[in-house]
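Chains A and B are the protein sequences, given in the same order. Taking my numbering, the leading residue of the first sequence gets 1, the next gets one more, and so forth. Taking my numbering, the leading residue of the second sequence gets 1, the next gets one more, and so forth.
FYI, nobody ran anything at the bench for these hints, they're computed from the structure. Using N, Cα and C, we set each Cβ at its ideal position, and we do this for glycine too. Treat the hints with care, since some could be wrong.
Derived CB-CB ranges, DEER-like [what the hints assert, rightly or not]:
hint : chain 1 : residue 1 : chain 2 : residue 2 : range
1    : A       : 230       : B       : 182       : 48 to 58 Å
2    : B       : 124       : A       : 230       : 37 to 47 Å
3    : A       : 253       : B       : 2         : 55 to 65 Å
4    : A       : 335       : B       : 90        : 24 to 34 Å
5    : A       : 335       : B       : 12        : 56 to 66 Å
6    : A       : 331       : B       : 90        : 43 to 53 Å
7    : A       : 22        : B       : 190       : 53 to 63 Å
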Amino acid sequence: MKNNFLSFVKKESLHILRDNRTMLIVMLIPVVLMILFGFAISTEVNNIRIAAVAPDRTDGVRDAVARIAQNDYFSFYGYIGNDRIDQKLRSGEVNAVVVFAPDYDRRMAQVAAGVPSPPVIQLILDASNVNTAGAATAYLQNILLGSASQQALFETRMLFNPQMKSAFNFVPGIMGLIFILVCAMMTSVSIVREKEAGTMEVLLVSPVRPVKIILAKMIPYFVISCIVLVMILFLAYYLLEVPMSGGVAGIFSLSLLYLLLSLALGLFVSTIARTQVAALLISAMVLMLPILMLSGLLFPIENLPKFFQIISNIVPARWYIDAIRKMMIQGAPLLEVWVNGTVLFGMTVVLLGVSFKKFNDKLE
Amino acid sequence: MEAIEVYHISKRFGSVQALDSVSFTVRPGELFGLIGPDGAGKTTLFRLLTTLLTPDSGSAKVDGYDIVRDYLAIRSHVGYMPGRFSLYPDLTVEENLDFFAALFGVTVEESYDLVAPVYKQIEPFRKRRAGKLSGGMKQKLALSCALIHRPHVLFLDEPTTGVDAVSRSEFWDMLAGLKQRGITILVSTPYMDEASRCDRIALCNEGRILGIDTPEDIVHRFEERLYAIRADQMFPLLAQARQVEGVMECYPFGETHHLVADSRFDVGNFVQQLSGLDGLTIRPVEPTIEDVFIKWMKR
Chain A
1 MKNNFLSFVK KESLHILRDN RTMLIVMLIP VVLMILFGFA ISTEVNNIRI AAVAPDRTDG
61 VRDAVARIAQ NDYFSFYGYI GNDRIDQKLR SGEVNAVVVF APDYDRRMAQ VAAGVPSPPV
121 IQLILDASNV NTAGAATAYL QNILLGSASQ QALFETRMLF NPQMKSAFNF VPGIMGLIFI
181 LVCAMMTSVS IVREKEAGTM EVLLVSPVRP VKIILAKMIP YFVISCIVLV MILFLAYYLL
241 EVPMSGGVAG IFSLSLLYLL LSLALGLFVS TIARTQVAAL LISAMVLMLP ILMLSGLLFP
301 IENLPKFFQI ISNIVPARWY IDAIRKMMIQ GAPLLEVWVN GTVLFGMTVV LLGVSFKKFN
361 DKLE
Chain B
1 MEAIEVYHIS KRFGSVQALD SVSFTVRPGE LFGLIGPDGA GKTTLFRLLT TLLTPDSGSA
61 KVDGYDIVRD YLAIRSHVGY MPGRFSLYPD LTVEENLDFF AALFGVTVEE SYDLVAPVYK
121 QIEPFRKRRA GKLSGGMKQK LALSCALIHR PHVLFLDEPT TGVDAVSRSE FWDMLAGLKQ
181 RGITILVSTP YMDEASRCDR IALCNEGRIL GIDTPEDIVH RFEERLYAIR ADQMFPLLAQ
241 ARQVEGVMEC YPFGETHHLV ADSRFDVGNF VQQLSGLDGL TIRPVEPTIE DVFIKWMKR
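Whole structure, please, built from the sequences with the hints as guidance.
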């Protein structure tokens with residue numbers, strides 16, 4: 001009977017290989033997403049245009065402006081008059097204006113000497129983009145404060161991702177998303193297609209048990225997902241320079257477990273859905289939305305309302321993304337994310353069990 | 001042992017009584033036809049006998065196995081061709097056949113002698129994708145796949161629906177050939193003209209079997225006199241004819257109307273009663289299976 005299992009796998013692979021368009025999409029989506037999230041969509045703030053208002057261009061002011069201009073995140077627009085602030089911000093020519101007090105040098109000296117002083121610098125920002133405004137404020141304060149007190153009050157060190165590259169944050173998220181897309185959506189659609197086309201009827205009226213047919217269906221998708229996994233890891237390491245300090249082997253093993261879980265999810269969806277459209281909708285709405293919203297991919301879980309934080313515990317991607325983040329960026333070994341691994345394993349077992357039990361070898 | 005035995009089997013889907021206490025037997029090696037319109041319950045009956053559904057009440061045996069208790073055994077011993085094309089359109093003719101051979105754990109070579117009369121006709125196209133075949137060729141491929149494991153009983157649900165007239169006739173010739181090899185065949189069709197190709201037929205309608213007999217004898221069950229009438233104005237003819245004394249039934253039948261007469265009917269009197277019709281003809285005709293069906297359906 002081994003022989004016929006291989007024929008099932010072969011037949012399933014033929015279906016996939018002949019569907020060029022789907023194949024292309026499956027292979028392209030990960031690459032496109034990686035590049036999109038890695039480069040184009042970035043939460044880093046770059047190229048903030050700054051103008052300065054300074055009645056007296058003293059040495060102190062020149063020094064501060066020079067430091068702003070040197071910073072990679074800023075580009076210095078130039079000095080503008082007091083009356084032009086509003087217009088420049090409104091037209092979008094600048095994102096922020098730094099207003100220096102007339103007697104800047106003297107008052108900075110006072111501040112440095114510890115004498116209480118009213119504000120010396122005013123920051124006026126275009127806050128229509130909250131991200132830019134927030135980041136700009138923080139950066140500007142940092143730069144300008146440094147000149148005020150020779151001994152810094154804080155020393156900040158960004159661990160694991162010192163450059164705060166957003167790609168590091170997104171890669172684990174994309175992985176959590178992609179495998180659900182490839183495995184769950186494609187397996188569920190391919191199983192439901194057999195129901196819809198009536199071929200399931202013929203398959204059932206045969207000595208082969210459905211479990212075997214289903215397992216044979218999963219194998220090609222598993223192989224494709226493995227290829228996609230290697231592709232993503234490759235892109236992440238060489239293109240986006242994600243450190244993977246926790247060891248590629250660990251990341252790979254946990255990802256394989258997640259692949260199995262995604263296949264199980266797809267199988268589960270196929271036991272509920274009767275049509276391919278329904279399978280697609282369930283995969284998209286019931287599986288994708290929680291991944292986007294509740295897995296920490298877009299929003300930190302800690303920022304969610306309590307209710308959604310609890311719900312997020314049943315979203316497999318949450319556990320996977322969290323673990324991958326730890327392993328890729330913090331350099332945690334596989335052993336350190338054993339809780340996540342155990343949860344994912346448990347979910348896989350339960351889903352497979354329920355699906356095989358639910359999978360009917362009759363039509364009703 | 002009979003090849004198929006069905007005892008008072010019933011099946012309901014929600015408010016629809018798909019099958020209502022149906023009973024019949026099919027002898028080994030028999031070509032048995034289920035004749036009836038859409039909604040007669042033919043497909044449900046096929047799904048019950050192929051163990052895809054379980055009956056609400058009643059019981060049935062296929063090849064000696066109970067359809068509920070021994071359903072796994074039945075699945076190895078029957079060939080099933082569902083109503084619509086149920087092969088893989090993106091696989092080639094050859095790949096489809098290989099797959100179904102593997103499904104039943106046999107090789108194409110082992111069963112080639114049985115499949116050959118059917119498969120030879122599509123073998124020149126074996127590298128073509130099944131979805132690109134004509135309707136008739138699709139049916140032949142489906143039949144080849146259903147035969148690949150040398151089934152004892154063959155279930156063919158409306159195999160000729162949507163197939164051209166020549167292919168239909170060829171298909172029935174192939175079934176006759178398979179019957180020669182001792183395979184029991186249960187076949188359904190909505191076409192009354194195909195009934196004569198069966199050994200015995202069951203006329204069914206709305207979940208019930210109206211009657212079972214050979215195609216030759218079943219028309220003898222129509223004892224009343226039957227006439228074919230026509231005129232240039234067919235619709236007024238139908239309306240007027242139904243009013244005449246001695247006319248039991250009058251219904252459209254192809255290009256004529258068929259008129260069922262009782263003992264009081266007199267042709268001369270009938271013609272006199274009609275008015276305003278041109279080119280009226282009336283002649284006695286032999287009843288067909290369709291007339292029997294209409295008579296039993298109205299009973």
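Against the structure, the hints come out as follows:
1. Checked against the given bound of 48 to 58 Å, the beta carbons of residue 230 of chain A and residue 182 of chain B, roughly 55 Å apart, stay inside it.
2. A hinted range of 37 to 47 Å for the beta carbons of residue 124 of chain B and residue 230 of chain A is consistent with their spacing of about 43 Å.
3. For residue 253 of chain A paired with residue 2 of chain B, a C-beta distance near 59 Å keeps the hint of 55 to 65 Å intact.
4. Between residue 335 of chain A and residue 90 of chain B the CB atoms are about 45 Å apart, so this pair departs from the stated range of 24 to 34 Å.
5. A hinted range of 56 to 66 Å holds for the C-beta pair residue 335 of chain A and residue 12 of chain B, which are about 58 Å apart.
6. Restraint check, residue 331 of chain A to residue 90 of chain B: a C-beta distance of roughly 46 Å satisfies the suggested window 43 to 53 Å.
7. Distance hint check: the CB atoms of residue 22 of chain A and residue 190 of chain B are about 37 Å apart, inconsistent with the given range 53 to 63 Å.
Checked against the numbered hints above, the structure breaks hints 4, 7 and satisfies the rest.
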